[in-house]
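Same order as they appear, the protein sequences are chains A and B.
Position 38, counted from 1, in the first sequence is what this note's numbering calls 38; the numbers after and before it change by one each time, with no gaps.
Numbers in this note's numbering are just positions in the second sequence, counted from 1, shifted up by 1000.
The set of hints was computed from the structure by calculation and includes no laboratory data.
Check before you lean on any hint, since a few could be wrong.
Think about it this way: if two alpha-carbon atoms lie no more than 27 Å apart in a straight line, the pair counts; the simulated DSS-like pairs of lysine-lysine are [claimed, not checked]:
1) Lys-42(A) x Lys-1018(B)
2) Lys-1057(B) x Lys-42(A)
3) Lys-1057(B) x Lys-1(A)
4) Lys-68(A) x Lys-1(A)
5) Lys-114(A) x Lys-1017(B)
A quick note: this is a predicted structure, and the numbers were derived from the prediction, not measured.
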Amino acid sequence: KQEVTQIPAALSVPEGENLVLNCSFTDSAIYNLQWFRQDPGKGLTSLLLIQSSQREQTSGRLNASLDKSSGRSTLYIAASQPGDSATYLCAVRQMGSGNTGKLIFGQGTTLQVKP
Amino acid sequence: EADIYQTPRYLVIGTGKKITLECSQTMGHDKMYWYQQDPGMELHLIHYSYGVNSTEKGDLSSESTVSRIRTEHFPLTLESARPSHTSQYLCASSDHRQTGYSGNTIYFGEGSWLTVV
């Protein structure tokens, strides 16, 4: 059974720091991995999607990497800002799930960026 | 910006009441999903749909039911709400017709916070 783990559970950094959020998964047979952002009381916003054949994806100050063989992904946030404060979730789409497209989520990392 | 909408955003209802959470998307996506998330916990899939007239139960057992009569609409119903149903319900959609199993981005609505008292 696929399990997705995110470390750390919470992180507090001063503004301007570069930081890395970690995501690990137990079964490397995945189609893709997606990083989301969740603000309190709101839904999820998709940040980056990495297909299983890709190593990384970049969007602005965000860079996500994927090492499928070791079951790891990282989300790198450059020059963090207070507006980056949110919970960051990673989710994998498992192979063998047919054509459902359903995702398996980690518990998230809650980030606080202090001004 | 994804066009997927959920109503109501927040709802407090009494035990035993029937409630329907609405979800609509204007992107023509074939796949739609309902996830449930308790505060501080992971999201769990409770229902999904491949397309019209197709619904399946997800990984987490739920007493709710869903229907998919139209592509754009995927409502979730609780026939008799209980305090244990208090949670956030997130609707999502995706379009796999172009890329098949590799999958496209899944888009989420803003969620419906349900409190049953």
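Problem set entry | Unsatisfied constraints (hint numbers, rising) | Hint 5 is the one this structure does not satisfy, whereas the remaining hints hold.
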